[in-house]
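Visitor: Note that the protein sequences, when read in sequence, are chains A and B.
Under this note's numbering, the first residue of the first sequence carries the number 125, and numbering increases by one thereafter.
Under this note's numbering, the first residue of the second sequence carries the number -12, and numbering increases by one thereafter.
Worth double-checking, as some hints may not be accurate.
Label pairs and their computed distance ranges (CB to CB) [to be verified]:
1) B:Val59 / A:Ala413: 38 to 46 Å
2) B:Asn151 / A:Trp279: 38 to 46 Å
3) B:Glu141 / A:Glu338: 57 to 65 Å
4) A:Ser379 / B:Val59: 51 to 59 Å
5) A:Phe514 / B:Ser28: 26 to 34 Å
Calculated directly from the structure, the hints in this document are not laboratory data.
All C-beta atoms in this analysis are idealised placements derived from N, C-alpha and C, irrespective of residue type, glycine included.
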Amino acid sequence: MKSIRAKIIVFAAVTVAMQCVTSTVAKAQGILGGHVTGNVQFDGQLSKRDTIIGSSDVPEKLLTNARADILYTNGNFSAGLRYEAYLGPMLGFNSQYTGQGIANYFVSYKTQTFAVTAGHFYEQFGSGMTMRAYEDRYLGLDNALRGINVTYRPWKGVTLKGLVGQQRYFWDTKGLVRGMDAEVSFNDIITAWNESKTRFTLGGSFVSKYEEDETILADISGFKLNLPKNVAASSVRMDLNRGGFGLQAEYAFKSQDPSIVNDYIYKNGNALWLSASYSQKGLSANIQAKRVDNMGFKSVRSISGEMLYINYTPSITKQHTYAFLSMYPYATQSTGEMGLQADFMYKFKKESLLGGKYGTDIHINASLITGLDTTVLGGKGTEGYSSSFFGTGETYYGDISLEIAKKLSSKVKLTATYGYVVFNPVVEGHAGDIHHNHVAIADLTWKINRKNVLRFEAEWMGSDSHYDPIVDDKRAGDWIMGLVEYNFTSAWFVSLSDQYAYKDGVGNYYNLSVGYTKGATRLQVGYGKQREGIICIGGVCRNVPASNGLTFSLTTSF
Amino acid sequence: MKKSILFLAAMLVFGFAMSQNAKLPENISIKTLDGKTVETSIIKNDGHPIIISFWATWCKPCNRELNAIKEVYEEWQEETGVKLVAISIDDSRSASKVKPHVDGNGWEYEVYLDQNQDFKRAMNVVNVPHTFLIDGEGNIVWQHTSYVDGSEEELFELVKKLANGEKIN
């Protein structure tokens, strides 16, 4: 039964893909005066067990993730549905996704002043510290709300939003979330400020969740906890700009919210985020600071894992995409952290001393994240801990990277990067020594002519970490990597890469990939061992799961 | 099972229905770099072609594409009147770095933030970079995903055709 379904899905995906490939340009289809557009994604892997990279044996041999979004638009009206099939889910995806069906559907009506969506929707208030419903298809993360979302603009420059819904939990919906948000652009509502160079926006949000009571016992007394049925979070934010200067800030507060995230303590939560920047042509500087204290906010208090989060606390560290710089990615500790980040970019002009004939770009980024300075007050059912606002605890993460990009001739471009990463395994939930890694990268693009482009990447990582079979962190040790990518026009590419632990580590990740792109259709086939993470080859970037064997991926938009 | 067959049938019907160009949506909320909410109807170019490029600060091919076009943008504009509109899909982790990133790179494009990815979903963008070509009447006439050094020249050939009133396919 399952295999017949799988075949139908495969057939459907291939049919649509073929239609798009065979028509010279993928076009929308006209139906009843409106338009149908959509996108299809089909990923599969024939994975073999490999204890070294952590891929496991797969009884069904072939794992597939497939989805199709179909969107109908007619003037102000739109409707969409998404069919998802995980038969079985690919490695790195939660096994609770196993199954297929219509995972997302909505109808929506939007004008310049009023918008309403019924069904599934994604929404974000401010930077998301009180509310963010979003999805990342490659990470298997989808916390869409199913309910009603309304936006209203009573006057120019004023945006009001309201929503009520339940959150997606794999193939189910859970919780009850209510929220509202207001944003005012002062340059629009105050006539005298219309033309002002200073732009000022203020916003505020209020979000509340409701849950029924349940029995959770306190640690020592054994008494049942008196759980709040309603928990509220609220925030204020501002955005101030004048010429090249920009200042953004948001402060969020959350009421008592004992949950599995904070181990059922009754402390209030809060978070502060600040960003200041200055930029002009060829120069920019940005500084960010953040303090998060007990801000994990889930719609169901007793379910752990990455699903059911109502809010999102952004990480302020740089999103690295080179393999060894992103090997130890930092994730926000919503239970508590302090962070600072600085970013600087400068362009040495053409014909200047350091610029040379084509100019030189430098990019420096540094960040440091620590825990909070806390004093433990008790366990479950108590205030939990107290924290000082400016005090810092142990180091969680730090990195500094320097990137120099230079065109060596009209055909050759080189990007050289040095990075230093300090990583505390406690942020991934296990104890161990802090790692210190040096990373050096050379990335060279050689445009032989209009149709033939070669790219080479060499990376090295020296680390003070050693592979330990008990901890089983397969990233430990010293690594080297090489990558060669050949692009023939914008349609074809072949890439060959290898990552090898030459000292104190285990693992050899070789990979051969071939890809074909035509218009918005892209087919990629790979063979080898793949580490999970962001991979940028053949001209696009995407997150990929760990795998060992044959992988293929087809995406198309029409 | 029944669902699957219905789904398959629906796909086939959609696939073989009359082809026709979709319009650029006008009612999706995006943000300017100074924090103001606007609608996608703001994307206009007096009847000249528009290139819409979905990108992110962390996406290397996107940056290579936008930097390559920067070198020839003035010539492109003079020759065809084309305008490039860059839509950043950076989320709140990196959204506040978009303006410094754009200025630091010296890009003269019109840039908007699509933090909630409403515009990205409406345009069926799966991976970045994803580039669209819009004709003078607001029809989406061409799209492409990925960037390889030199493919901006292929894009410009199409822009020139559009500016001369030729059909693209």
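Visitor: Next step is simple, just say for each hint if it's right about the structure.
Guide: How the hints compare with the structure:
Against the hinted window of 38 to 46 Å, the Cβ-Cβ separation of B:Val59 and A:Ala413 comes to about 39 Å, which satisfies the hint. B:Asn151 and A:Trp279 have their C-beta atoms about 44 Å apart, which keeps the hinted 38 to 46 Å range intact. Take B:Glu141 and A:Glu338: their Cβ atoms lie about 60 Å apart, and the range 57 to 65 Å holds. Taken as a hint, the range 51 to 59 Å holds for the pair A:Ser379 and B:Val59, whose Cβ atoms sit roughly 55 Å apart.
The hinted range of 26 to 34 Å is not satisfied by A:Phe514 and B:Ser28, whose Cβ atoms lie roughly 46 Å apart.
Consistency note: the structure conflicts with earlier hint 5 alone.
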